[in-house]
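A.B. asks: Chain by chain, the residues run as shown.
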Amino acid sequence: MKPTLRGVGISDARKPVQIDRYSNIGGKAYIEYHDTLNYFQGWKTVLPKGGWVSYNKVDPKSQSAQNVCLKVKTKAATILKLELGKYVANLNIPSTAGKWKEVNVTVKTMPSGVSDLKLTNIGAAQAEVDWISLTESPREEYFLSTLPAVSKPDDNGFIRRWMILEPINKPNRGNTVFTDSYLREHFNKEYFAGQQTILPKDGDKVTVDGKSLTWHELEANRYNVKLFRFATKNELQEYGVLYWGVTTIDCPQEIKNVRLAAGSNSASMWWVNGQETLLLSGDRRMVMDDGMSDRFTLKKGKNIIRCAVINGPGMSDFCVRLLDEKGNPVKNYTIK
Amino acid sequence: MKKIILAISVFFLGIISFFQNTPFGGWGASYAQIGQPWIHDPSTLAECEGKWYTFGTGGGGLISDDGWSWHSGAERPGGGAAPDVIKIGDRYLIIYGATGGGLGGGHNGRILTMWNKTLDPKSPDFKFTEAVEVASSDGMEDNDAIDPGVLLDPTTGRMWLSYGTYFGNIRMIELDPKTGYRVKGNKAKDVAIDCEASDLIYKDGYYYLLGTHGTCCDGVNSTYNIVCGRSKKVLGPYIDNVGRDMLAGGGKMVINAKENAVGAGHFGRTVIDEGVEVLSFHWEADFNMSGRSTLAIRPLLWKNGWPVGGDQFKEGTYEIESERRGYSLELVVDFVRMNVPRARGGFGFGRNNGPEEPNKVIPNQTLDEVNAGWPEGDSRVRIGDYMFRPHQRWTVTAVPEAGGYLSNPYFKITIAGTDRALAATADLEVKTVAKYSGADEQLWRIEQLTDGTFRIMPKVIPGKSGVNTTYCLYSAGDSTPTLEKYDFKSDNSKWNFKDFK
Chain A
1 MKPTLRGVGI SDARKPVQID RYSNIGGKAY IEYHDTLNYF QGWKTVLPKG
51 GWVSYNKVDP KSQSAQNVCL KVKTKAATIL KLELGKYVAN LNIPSTAGKW
101 KEVNVTVKTM PSGVSDLKLT NIGAAQAEVD WISLTESPRE EYFLSTLPAV
151 SKPDDNGFIR RWMILEPINK PNRGNTVFTD SYLREHFNKE YFAGQQTILP
201 KDGDKVTVDG KSLTWHELEA NRYNVKLFRF ATKNELQEYG VLYWGVTTID
251 CPQEIKNVRL AAGSNSASMW WVNGQETLLL SGDRRMVMDD GMSDRFTLKK
301 GKNIIRCAVI NGPGMSDFCV RLLDEKGNPV KNYTIK
Chain B
1 MKKIILAISV FFLGIISFFQ NTPFGGWGAS YAQIGQPWIH DPSTLAECEG
51 KWYTFGTGGG GLISDDGWSW HSGAERPGGG AAPDVIKIGD RYLIIYGATG
101 GGLGGGHNGR ILTMWNKTLD PKSPDFKFTE AVEVASSDGM EDNDAIDPGV
151 LLDPTTGRMW LSYGTYFGNI RMIELDPKTG YRVKGNKAKD VAIDCEASDL
201 IYKDGYYYLL GTHGTCCDGV NSTYNIVCGR SKKVLGPYID NVGRDMLAGG
251 GKMVINAKEN AVGAGHFGRT VIDEGVEVLS FHWEADFNMS GRSTLAIRPL
301 LWKNGWPVGG DQFKEGTYEI ESERRGYSLE LVVDFVRMNV PRARGGFGFG
351 RNNGPEEPNK VIPNQTLDEV NAGWPEGDSR VRIGDYMFRP HQRWTVTAVP
401 EAGGYLSNPY FKITIAGTDR ALAATADLEV KTVAKYSGAD EQLWRIEQLT
451 DGTFRIMPKV IPGKSGVNTT YCLYSAGDST PTLEKYDFKS DNSKWNFKDF
501 K
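Just so you know, the protein sequences line up as chains A and B, in that order. Letter by letter, the first sequence follows residues 1 to 336 of this note's numbering. Letter by letter, the second sequence follows residues 1 to 501 of this note's numbering.
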């Protein structure tokens, strides 16, 4: 099996350009499988010192493209020279300690329109490159790469730290089916053992319809938890999905007359300490403070919040916070 | 005899209401524009050489000679979805998404702009320039580059474009109004989530970002609705009425389902005159038009600095009350006293009502009781204390065959129960004619103003050529109506239609 070469047409350089499908290659550069035990992982380009690869006709589709993103693997820092026609920029690539990593490098504005791309390793250490993309800014991140040991609600009281189960396959071609009675039926079904009781740890697995799904501990880098991006990042099913989430908050004191305020895309149900507190039904987009639970008492000590979010063809996400009786966000608790 | 006329009118009204259920039913029936106003995702309205145009998804668009009756015939190459159009200098810039969007499909959106000297496909000047790309999305990012909405900032002359769908963020970019190209080096800014079909407008120091929420493309079950946030700065943050950023899903309602139609989407604003504004949009399904997706135009009101989609003016019998004094328009006839003794409940003078005597309803004065002495021919009108008497009750009836303007058909205004009709005179006064004849000076254009009051204009002034767009019914004095140049700053130009009870 030989790798596919460049083919015809112009490549949208904002998206990963697979330079292993090169136009030309030299200086002892070569391509090889990512994983010789699993060919489906595709190819990578190995650039030893002096190695180069060229890929014709790329277009960053912007007059202000100033970011180069590479998925690279190095054992020591090196420099890759990027050429786009007459444009030249030297990209300082740090050591990735032998692991694949997406590295963003800010450069002077790259030429708009179509150019031929060439990448040459002018540094001392070998670099392996999976792909390269040319964008205005680094691609958005949605979750923290390193989780703090203990989290707190953010400045506006939003709970960003969650244990999320990989999406359950729940095909729906549209979201108008999410009536209250449909949701009660489908949210109250048992999909996995201990659905309303377990407190999973990162990496724990449950079985749903014979398929093993993994719990992921995550913390959003924004007020809302973008489940859709959790799916795309982990190459999971994006649409026609049912998500389960759980988080535990630890309150230093009892607080009466608290409301849970949530928004979700699409429908969702929320439970606090095992009690259903809120249902958001219908074809719904996520809006801050869209629905409010009745008033309830937040216990001193641990309180468990669970949610289920269902979606057909939508960008699943949710945002949730607790509000006190004056409508101000409750913030004096920790999240584990 | 009068009763027979009344019975015949009731019979005809019955026929009109029967035709409510047909797509081509007369007005009184349809609360959208008439003709064949079928369109999805309409652009803001554009005026070109006396005609109105709007462009929709797919390539074509609608044309109207008067703003009320619409038919297909506008042309736009490039296909794709949801264009917008703006006149800059003596040219029109058309902006459209080359792709279709939709959550199930791809999100490699592209937005293109192109110019034309005219929108009239029959004009020898009708030729689009080559379309240029001003924005695109790569299919992976939180944006789908379709659904453009354009604003030429009246304070700076800079041009801004918002675009995007439910697939991620609504973005804003800057275009060069001279070329229609993206301003060099301009970076896109995210301004909202949860929207499609966004648009930008400016009024009195605020920029407003309009977005369509809810479910599109689901016929009579579509929940599409238009909301907005506002900002002192064009790039936001756009905040709603409860202080929520549109980037957190905020938005205050501008228009949703009403008047037997659902799925308001794709906002456009047209300023006709100072204080006279309309919003144009589509209904996903007009129940009076077989559930088709139709163009609709409604008065755009402003309440406490927020845009509000108004209701269509409806036929009926009204008091026509001056905003100047609060008196009402009336026929110049003798005031006929009602012969009812003054009631006395144990105080003052008059007939003594015992405390146990039940209340009775005093019937209103009827036309037959007072019209014996009314003039046979033309007579003048004045403005007087409103007493809900027959000479103050005006029936406003649409005259569909007389055409219309952006928000309504023309109306005749007659004394209730009679054919006596309000008319403009050549010397810029108002009178009534004994019998409505259909003459243009007896037709009236009624438009709700941004403050909720109405302006009332005769279709023509006798002796002046063309359709009148200058003179309106006007309070020269508290008691004296006339025709004068419309002035939004003066309450003399404004009237209220109050239900006759």
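None of these hints come from the bench; they were simulated from the model. Note that this is a predicted model, so its numbers are computed, not measured. It cannot be assumed that every hint is accurate.
Claimed, not checked - Capping the alpha-carbon separation at 27 Å, the derived lysine-lysine pairs in DSSO-like fashion look like this:
{"#": "1", "chain 1": "A", "residue 1": "331", "chain 2": "A", "residue 2": "300"}
{"#": "2", "chain 1": "A", "residue 1": "81", "chain 2": "B", "residue 2": "485"}
{"#": "3", "chain 1": "B", "residue 1": "485", "chain 2": "A", "residue 2": "108"}
{"#": "4", "chain 1": "B", "residue 1": "498", "chain 2": "A", "residue 2": "57"}
{"#": "5", "chain 1": "B", "residue 1": "187", "chain 2": "A", "residue 2": "71"}
{"#": "6", "chain 1": "B", "residue 1": "303", "chain 2": "B", "residue 2": "485"}
{"#": "7", "chain 1": "B", "residue 1": "184", "chain 2": "A", "residue 2": "86"}
{"#": "8", "chain 1": "B", "residue 1": "303", "chain 2": "B", "residue 2": "498"}
Claimed, not checked - Label-pair distances were calculated between CB atoms; the ranges are:
{"#": "9", "chain 1": "A", "residue 1": "252", "chain 2": "B", "residue 2": "271", "range": "55 to 63 Å"}
{"#": "10", "chain 1": "A", "residue 1": "147", "chain 2": "B", "residue 2": "176", "range": "24 to 32 Å"}
{"#": "11", "chain 1": "B", "residue 1": "314", "chain 2": "A", "residue 2": "254", "range": "54 to 62 Å"}
C-beta atoms are modelled at their ideal positions from N, C-alpha and C, and glycine is treated no differently.
A.B. asks: Now look at each hint and say whether the structure bears it out.
C.D. replies: Structure-based check of all given hints:
1. Straight-line distance between C-alpha atoms of residue 331 of chain A and residue 300 of chain A comes to about 14 Å, which keeps the hinted pair within the 27 Å bound.
2. Among the hinted pairs, residue 81 of chain A with residue 485 of chain B is inconsistent with the structure: their alpha-carbon atoms are about 71 Å apart, more than 27 Å.
3. Restraint check: the Cα-Cα separation between residue 485 of chain B and residue 108 of chain A comes to about 59 Å, which exceeds 27 Å; the hinted pair is violated.
4. Between the alpha carbons of residue 498 of chain B and residue 57 of chain A the distance comes to roughly 68 Å, so the proposed pair goes past 27 Å and is violated.
5. With a C-alpha separation of about 24 Å, the suggested pairing of residue 187 of chain B with residue 71 of chain A holds against the 27 Å cut-off.
6. A C-alpha spacing of about 25 Å is found between residue 303 of chain B and residue 485 of chain B, which places the hinted pair at or below 27 Å, so the restraint holds.
7. Distance check on the hinted pair: residue 184 of chain B and residue 86 of chain A sit about 20 Å apart at the alpha-carbon level, within 27 Å; holds.
8. Straight-line distance between C-alpha atoms of residue 303 of chain B and residue 498 of chain B comes to about 19 Å, which keeps the hinted pair within the 27 Å bound.
9. At roughly 57 Å, the beta carbons of residue 252 of chain A and residue 271 of chain B sit within the given window of 55 to 63 Å.
10. A C-beta distance of roughly 46 Å is found between residue 147 of chain A and residue 176 of chain B, which places it outside the suggested range of 24 to 32 Å.
11. Between residue 314 of chain B and residue 254 of chain A the beta carbons are some 57 Å apart, a value that agrees with the proposed interval 54 to 62 Å.
In this structure, the earlier hints numbered 2, 3, 4, 10 are contradicted, and the remaining ones agree with it.
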